[in-house]
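Make a model of the complete structure from these sequences and hints.
Protein sequences appear in the order of chains W and U. Just so we're aligned, residue 1 is where the first sequence starts under our numbering, counting upward by one. Just so we're aligned, residue 1 is where the second sequence starts under our numbering, counting upward by one.
Worth double-checking, as some hints may not be accurate.
[Unchecked claim] Cut-off 25 Å, straight-line C-alpha distance, at most; resulting in silico cross-link-like pairs (SDA-like, lysine to any residue):
#1 U:92 to U:112
#2 U:92 to W:138
#3 U:92 to U:110
#4 W:81 to U:157
These are computed hints drawn from the structure, not numbers from a lab.
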Amino acid sequence: MTAPTYVEFLNQRIKAAIAAEPRVVVYGQNVATGSCLSGLSRGFDKLPQCTVINTTNSEGTLVGMGFGLLLRGVSSIFFMKQQDFLLLGVEQLTNTANALRHRDLTASFTIIAIVVDSGWEGPQSCLNNLADFSSISHVPGYTIAGRAEAEAVIDRHIAAPGVRLLGVAQRLFRAPIVDYGTPEAFGGDKGVIRHATGDDATIVAFNLAFPQAAELHRALAERGMGASLFSIPATMPETVDALLDDVARTRRLVTIDDGKSVNGLAHAVASMARARVPGLQVVEARRPWSPESAAPNADQFAIDASRVATALTSLPNA
Amino acid sequence: MTPLPAFAREILRLRMSQLLINERYKAREFRVPIHLALGHEAIAVALTSVMGAQDQLLLSHRNLHYNLARSRSLRAVVDEFLLRETGLAGGKYGSMNLINPAAGVLYASSILGNNLCLAAGVALAERVLDSGAVTFVVTGDGAIEEGAFYESLLLMAGQSLTAVVVVENNEWSLASRIDERRGPIDLASLARGCGAGFRSLSGNDVFAYAAAFEDCRGTAQRDARPVIVEVAVKTLGDWRQPTEEFPDGKYINYHAGPAPTVEVAPWPLMGEGDADPLRVLQASLPEATLKAEAGVLLADLQGELA
Numbered sequence: 001m002t003a004p005t006y007v008e009f010l011n012q013r014i015k016a017a018i019a020a021e022p023r024v025v026v027y028g029q030n031v032a033t034g035s036c037l038s039g040l041s042r043g044f045d046k047l048p049q050c051t052v053i054n055t056t057n058s059e060g061t062l063v064g065m066g067f068g069l070l071l072r073g074v075s076s077i078f079f080m081k082q083q084d085f086l087l088l089g090v091e092q093l094t095n096t097a098n099a100l101r102h103r104d105l106t107a108s109f110t111i112i113a114i115v116v117d118s119g120w121e122g123p124q125s126c127l128n129n130l131a132d133f134s135s136i137s138h139v140p141g142y143t144i145a146g147r148a149e150a151e152a153v154i155d156r157h158i159a160a161p162g163v164r165l166l167g168v169a170q171r172l173f174r175a176p177i178v179d180y181g182t183p184e185a186f187g188g189d190k191g192v193i194r195h196a197t198g199d200d201a202t203i204v205a206f207n208l209a210f211p212q213a214a215e216l217h218r219a220l221a222e223r224g225m226g227a228s229l230f231s232i233p234a235t236m237p238e239t240v241d242a243l244l245d246d247v248a249r250t251r252r253l254v255t256i257d258d259g260k261s262v263n264g265l266a267h268a269v270a271s272m273a274r275a276r277v278p279g280l281q282v283v284e285a286r287r288p289w290s291p292e293s294a295a296p297n298a299d300q301f302a303i304d305a306s307r308v309a310t311a312l313t314s315l316p317n318a
Numbered sequence: 001m002t003p004l005p006a007f008a009r010e011i012l013r014l015r016m017s018q019l020l021i022n023e024r025y026k027a028r029e030f031r032v033p034i035h036l037a038l039g040h041e042a043i044a045v046a047l048t049s050v051m052g053a054q055d056q057l058l059l060s061h062r063n064l065h066y067n068l069a070r071s072r073s074l075r076a077v078v079d080e081f082l083l084r085e086t087g088l089a090g091g092k093y094g095s096m097n098l099i100n101p102a103a104g105v106l107y108a109s110s111i112l113g114n115n116l117c118l119a120a121g122v123a124l125a126e127r128v129l130d131s132g133a134v135t136f137v138v139t140g141d142g143a144i145e146e147g148a149f150y151e152s153l154l155l156m157a158g159q160s161l162t163a164v165v166v167v168e169n170n171e172w173s174l175a176s177r178i179d180e181r182r183g184p185i186d187l188a189s190l191a192r193g194c195g196a197g198f199r200s201l202s203g204n205d206v207f208a209y210a211a212a213f214e215d216c217r218g219t220a221q222r223d224a225r226p227v228i229v230e231v232a233v234k235t236l237g238d239w240r241q242p243t244e245e246f247p248d249g250k251y252i253n254y255h256a257g258p259a260p261t262v263e264v265a266p267w268p269l270m271g272e273g274d275a276d277p278l279r280v281l282q283a284s285l286p287e288a289t290l291k292a293e294a295g296v297l298l299a300d301l302q303g304e305l306a
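Shown next as structure tokens:
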């Protein structure tokens with residue numbers, strides 16, 4: 001049987017997650033016309049509980065509209081064609097979310113933003129770090145790069161009361177969904193996922209870098225190195241204790257972050273790990289940034305497994 | 001003595017309540033910024049009188065008059081301003097975001113234009129829920145300069161949403177008059193261009209206002225479209241403050257903060273002509289009855305706060 005593509009899997013999973021909801025407003029630009037956002041929002045108009053609206057180009061108001069629906073107990077999903085559009089909704093995302101902190105919310109409001117991360121869009125590709133929006137607004141966010149993340153995030157969060165952001169990767173849309181098997185464990189609100197346990201290093205994927213992290217994990221195994229593998233889909237994970245416990249055991253941390261923001265969660269986790277594990281060895285793989293990054297380019301973020309393996313084995317206490 | 005109509009009594013209550021709040025504000029009892037709405041009483045009394053049981057009201061930072069009208073409790077409002085648990089919203093919202101969902105005040109925002117976007121969502125929710133309720137949202141002549149006003153109007157009209165958008169036009173945004181910051185906005189034309197209804201109100205006649213709001217609410221329901229109601233209003237309590245540059249006194253249109261020259265009085269007329277809803281009442285109702293009622297109300301409200 002052919003594995004579903006990333007976008008097919010997400011589309012099916014979201015529909016399944018809201019199947020039991022009595023009513024959901026699904027809205028955004030082109031959600032039920034044209035390609036339906038390359039298939040991401042296809043078919044919601046066939047679900048009896050869904051009110052589907054192809055909207056105007058009014059992102060600030062559309063974010064506020066979701067909050068309005070939420071206040072009246074109606075759940076909604078706002079499919080946003082490009083994550084940078086959310087910049088126009090930051091006022092609502094921040095001020096209104098904070099104005100509702102003390103309200104008893106029974107419905108759900110989810111903004112699913114397509115992260116423009118292929119690089120060919122040039123300046124638009126510069127904003128690819130979902131956590132930046134969480135940092136501004138304190139609205140929880142979750143990135144989805146693989147099957148386990150999709151299942152954990154969509155199943156647990158999309159119909160839950162409250163507000164959240166979901167970031168999905170445009171560059172992965174047509175590829176088969178990355179399936180690294182059944183995760184070993186989840187942490188907190190499923191914002192931290194343990195995919196594998198090994199003794200030689202702890203690999204952690206941030207933002208949408210799980211495919212690269214999984215590839216590195218596989219490549220290290222081929223070189224005889226067993227590594228633990230985590231992904232952190234949550235932009236504000238409740239706890240990373242399980243991850244830090246693992247780092248304390250392996251004493252080698254590899255962070256892989258494809259985000260272009262200076263406010264990377266990877267930095268924070270590495271700092272926490274360093275504070276907890278004296279002498280910890282850290283290899284940080286980040287997407288390089290230069291003014292050329294703002295011009296259209298292939299924007300590949302490939303991890304050289306040989307170099308990482310060499311770095312890990314040459315570390316002082318290896 | 002013939003009893004006063006309920007509308008008149010309500011206007012008096014809102015005026016006296018604000019004067020008592022102003023006294024405490026002048027005495028620096030409040031830490032939260034408060035936007036008094038002296039002169040706005042007729043709009044609030046009229047609008048809230050036509051709200052149906054399920055209708056929702058979304059307010060701006062200048063929301064005191066509506067919250068006083070809907071809550072019917074000066075004590076609860078003052079306690080909220082003091083951030084006490086006994087406040088109208090449990091002491092969690094202060095002034096600019098003050099809500100009272102049990103009385104239909106669903107949301108209030110200190111951000112210009114912010115509540116318009118939520119109103120579009122609330123109105124959409126009423127359609128999805130098939131509640132028949134009307135969404136009222138209050139904004140001002142400053143907020144209609146924001147893109148959110150146009151965006152929300154397009155959404156409401158495009159989705160056939162039942163809403164009444166009230167624009168309180170006091171001609172000021174912070175310390176700048178309309179003619180200091182922009183050209184005129186022809187809301188009637190804008191509404192027509194977007195497929196919305198429009199009504200213009202002025203004169204502070206609470207009875208006429210209530211009839212107009214009732215009509216606009218019915219139009220919004222019958223036609224399934226938003227109706228803009230632009231209300232001309234003067235925020236009373238302004239004063240002249242002598243400075244080196246302006247020895248005769250610089251005109252101060254206070255945006256927030258207390259009105260230092262305003263005092264509690266048994267018969268608290270403030271503005272000239274129909275700028276003051278009390279003068280409009282005085283022109284059509286027995287003055288002795290109004291003054292007697294004002295005195296009773298003042299004593300009652302002082303007792304409520306004692």
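A quick look at each hint next to the structure:
1. As the CA atoms of residue 92 (chain U) and residue 112 (chain U) are separated by approximately 20 Å, the hinted pair is consistent with the 25 Å bound.
2. Note on residue 92 (chain U) and residue 138 (chain W): the hinted pairing holds, with a Cα-Cα distance of about 18 Å set against a maximum of 25 Å.
3. With a C-alpha separation of about 14 Å, the suggested pair residue 92 (chain U) and residue 110 (chain U) falls inside the 25 Å cut-off, and the hint holds.
4. Under the criterion of a C-alpha separation no larger than 25 Å, the hint pairing residue 81 (chain W) with residue 157 (chain U) is consistent with the structure, at around 23 Å.
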